[in-house]
Amino acid sequence: MPDLRLTIQGGHEAEARLREVLAREGFRIVEGPRPAEEGTLVVEPDGTGHGHGHSARETARRIEELERTVLELRNLDVAKSQFLTNVSHELRTPLTAIVTYGEILRDGMLGEVTPRQREAIESMIGSCRQLLAMIEEILTYARTNAQAISLQPSDFALEEVIRTVYEMNASLIERKSLEFGSALAPGLPRVHADRDKVAHVLGNLIGNAIDFTPDGGRVRVVARRSPTEAGWIEVGVEDTGIGIDPTHHELIFQEFAQVDASRARIHHGTGLGLAIARQFVRLHGGRIWVESGLGEGSRFYFTLPSVDAAAAPGLVHAGAAERPAA
Amino acid sequence: MSGAPAPLVLVVEDSDAIRAAFTILLEESGYAVAAAATGAEAVRLAEARAPDLVLLDLGLPDLPGLDVARRIKAAASTIPIVALTGRDDPADREALLAAGCAAYLVKPVDTQALIRALPGYIASAVV
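Each protein sequence line maps, in turn, to chains A and B. The working numbering applies: residue 1 is where the first sequence begins, and numbers increase by one. The working numbering applies: residue 1001 is where the second sequence begins, and numbers increase by one.
The set of hints was computed from the structure by calculation and includes no laboratory data. Remember, it's a predicted structure, so these values are computed and weren't measured experimentally. Please note: incorrect hints may appear among the correct ones.
Unchecked claim - A few chain B positions that, by computed beta-carbon distances, are all more than 10 Å from chain A:
1. Ala-1004
2. Leu-1063
3. Pro-1064
4. Thr-1078
5. Val-1082
6. Pro-1119
What the hints assert, rightly or not - A partial selection of chain A residues facing chain B, derived with a Cβ cut-off under 8 Å:
7. Pro-94
8. Tyr-101
9. Asp-107
Said to hold, decoys possible - To be clear about the criterion: a stretch of chain B counts as covered by chain A if any three or more of its residues have a C-beta under 8 Å from a C-beta of chain A, and this derived list gives those stretches:
10. 1012-1018
11. 1065-1075
The C-beta atom is built at its ideal place from N, Cα and C for all residues, glycine as well.
Throw the hints in and build the complete structure from the sequences for me.
Structural data, given as structure tokens:
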């Protein structure tokens, strides 16, 4: 019985549609990744239901049809990703001009400004930078989702990344009078991961912690050896903020999810931060989760391979992602 | 800066609005400005005008930013180039710094910080 290997590539939407077509056409998945994961599916006619009694010729025809569907879906996804990249570029250029002109005006290069004018210009510049950050986030998400991203692992100390992320947020932490600290277990091994991606994950989690913690609260980064997975490090970002109802713990990691619309208005963001964090952690073969309840702060944790985890499954996974970047 | 002629900065940027903004910013900060909207024009002006610094946008319509940087360096290796990009890319950053760029900055740059850093970039050309 001829079996068929199909590569799932191009995000959850393509993957879900492929599984739908397979089921409708009477194919059974012999082996392959779990739903919502990428990889190679091995399928064969299931010999029951809709696909029952196909002749070999009919099977071959259906296989051809499926291959065409896979190709179409893949092309569609590449086109979608390219479109997003172009749109982002077109959005960024005028915003850059607005920010630059704003700073020229603010700094009195075209004539003196009053304090109130200055305040107005500052607010305009701040909003533009916020928009730019959101565009960047959407672009990052689109790229990762289209699998156009590969890991570049190196060995580094977690403290370095924490310091970098802290420095990026220092003015905001000060403005909100937050107490920021880190507590790393003694003798923690170095991390073996893509440093930029880890900084992005920590940046998103710490950014959220700052956003959702009232003035005067506390944000803390913790890290220890994973108690359940040898060679892995468990990193946490803990805050004393408003917390998250347990019924929302899965929802918040999904794309474009914000727990409620009113909060989205106060706390700017695309609703992509945690989805991106989860993508990046999963690319390393790690896990990410939250422990929280309403009014009791939030504690986000994720796992990363340490240098002691050279044979960890995460690195096999990382190798599979070494396709040429689009 | 009184007395000495103003240092010449070549602004390479395809967006009219951004090019005009940088021209105002630089002129108001005491620099003379030459401007190019394409990579080919940038290479031509770098040779013809011998600027003290090039501000090079990487997203030009005709040539990849890295090629423009290399051509300018090939024609006049001492001119410091500050690369400006809309999209931070670690591989691009590495390639441009390896090609001899003095800095790799992500737009929109903090204009005050840029103006503060310019004399340092220009001075680095002597070394």
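Quiz item: Can you list which hints this structure breaks, lowest number first?
Solution: 11
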